[in-house]
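Engineer: Chains A and B, in that order, are what the protein sequence lines are. Note that the first sequence covers residues 1 to 178 in the working numbering. Note that the second sequence covers residues 1 to 178 in the working numbering.
These are calculated hints, taken from the structure and not from any lab test. Check before you lean on any hint, since a few could be wrong.
Identical copies carry no separate label here, and so any pair may be met within one copy or between two of them.
[Said to hold, decoys possible] Derived pair list, reagent style DSSO-like, types lysine-lysine, alpha-carbon separation capped at 27 Å: (1) 130 / 174; (2) 174 / 132; (3) 72 / 130; (4) 163 / 72; (5) 88 / 130; (6) 8 / 174; (7) 163 / 130; (8) 132 / 161; (9) 8 / 161; (10) 8 / 163; (11) 163 / 132; (12) 8 / 72; (13) 174 / 59; (14) 130 / 8; (15) 174 / 96; (16) 130 / 161; (17) 161 / 80; (18) 88 / 161; (19) 59 / 80; (20) 132 / 72.
Quick caveat, the model's predicted, so the values are computed rather than measured.
Number of protein chains: 2
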Amino acid sequence: MTPQENGKGLVQIFTGNGKGKTTAALGTVLRATGHSLKVFIVFFMKGDYAYGEYSALAKLPNVETASFGFRKFTDPSNIKPEEKEQAKAALETARKAVLSGNYNLVVLDEVNVALSYNLIELDDVIRLIKEKPSHVELILTGRYANSRLIDMADLVTEMVKVKHPFDKGIKARKGIEY
Amino acid sequence: MTPQENGKGLVQIFTGNGKGKTTAALGTVLRATGHSLKVFIVFFMKGDYAYGEYSALAKLPNVETASFGFRKFTDPSNIKPEEKEQAKAALETARKAVLSGNYNLVVLDEVNVALSYNLIELDDVIRLIKEKPSHVELILTGRYANSRLIDMADLVTEMVKVKHPFDKGIKARKGIEY
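Generate coordinates for the entire structure from the input sequences, incorporating the hints supplied.
Structural biologist: Encoded structure:
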């Protein structure tokens, strides 16, 4: 099946303070590869941190990834120029992937956070959504989703934290959270 | 890494009326396989419907699945005996997988719904959680999570529907929703 043959692609947003935003995007990617769809994932703010997802994603067919940003985001009130540069490069990479028409599904992981920290321009993300080929599905993840993007999206889910073990001092565990 | 070497396993619940519950569980599975963890997934209410996840999961290393129930759940007010039998068999399969100690992560997909429809007994699920080996991570998905399970869980996320395309009459799309 060519990317063009899978019908209209929607715009999905996973936001909120709960667990499962990136994770749900990864689950969608896994499902899509089961149908031989072509996927491109842009990680906006993860750097080269050896997340479990990288090695697992590398084993999936038809999935390409590109990672930008830094493992530890420093201070939102004192953004470093290289943090902006990385986020802009991530958006440009996403834009090329989307407009190429070669992918059924493009994930912009943590783009909402990059936007909320003003690392990238809202208008550029809006333009990307408007200009995307109709068959391309977009998933935007991250807390603080912009209300204008929520208005434009077809499917918006808020992950709400009911209870989280980090609150009890339990640290993130390799293989489960990252 | 043996299952026992990955530290304490928690109990996670993904519930709520929004998209991303099963999907986040699948994403967690994908991430876990990237770290060579061993996974068992029990689908409580999916039957043999050719979900994209099956073919994708089959390609992942260290993942076993077992599927029960029926594609279309009939009428919650008029439960069929075979629906109860399937749910009980699913729980028994999950119990064996958990107690075997052979898996790092066991997913009970849609167990919350099976419970809310009284297909299985709450006490049996509570007993499974209490008796699980400490290294085993459990994920329970589905709407209507029971409050006693929420009390017992370490990590609970509610997926809240903010906007869903089915509301606009857009149907589920192969490769994306299933």
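Engineer: A separate judgement is required for each hint: does it hold in the structure or not?
Structural biologist: Hint-by-hint comparison with the structure:
1. 130 / 174: Only across copies: residue 130 and residue 174 sit 23 Å apart there, 38 Å inside one copy, limit 27 Å.
2. 174 / 132: between (36 Å within a copy, 20 Å between copies)
3. 72 / 130: Neither: 32 Å inside a chain and 37 Å across chains, both beyond 27 Å.
4. 163 / 72: within (24 Å within a copy, 32 Å between copies)
5. 88 / 130: within (18 Å within a copy, 48 Å between copies)
6. 8 / 174: between (37 Å within a copy, 11 Å between copies)
7. 163 / 130: Result: close only across copies, 19 Å inter versus 37 Å intra.
8. 132 / 161: Answer is between; shortest inter-copy Cα gap is 24 Å, intra-copy 32 Å.
9. 8 / 161: Only across copies: residue 8 and residue 161 sit 21 Å apart there, 32 Å inside one copy, limit 27 Å.
10. 8 / 163: between (36 Å within a copy, 17 Å between copies)
11. 163 / 132: between (37 Å within a copy, 20 Å between copies)
12. 8 / 72: between (37 Å within a copy, 25 Å between copies)
13. 174 / 59: both (18 Å within a copy, 22 Å between copies)
14. 130 / 8: Within one copy only: 14 Å inside, 46 Å across.
15. 174 / 96: between (32 Å within a copy, 25 Å between copies)
16. 130 / 161: between (31 Å within a copy, 23 Å between copies)
17. 161 / 80: For residue 161 and residue 80, the Cα distance exceeds 27 Å both inside one copy (30 Å) and across copies (35 Å).
18. 88 / 161: neither (30 Å within a copy, 30 Å between copies)
19. 59 / 80: The answer is neither: 34 Å in one copy and 41 Å across copies each exceed 27 Å.
20. 132 / 72: Close neither inside one copy (31 Å) nor across copies (35 Å); limit 27 Å.
Checked against the numbered hints listed earlier, the structure breaks hints 3, 17, 18, 19 and 20; every other hint is satisfied.
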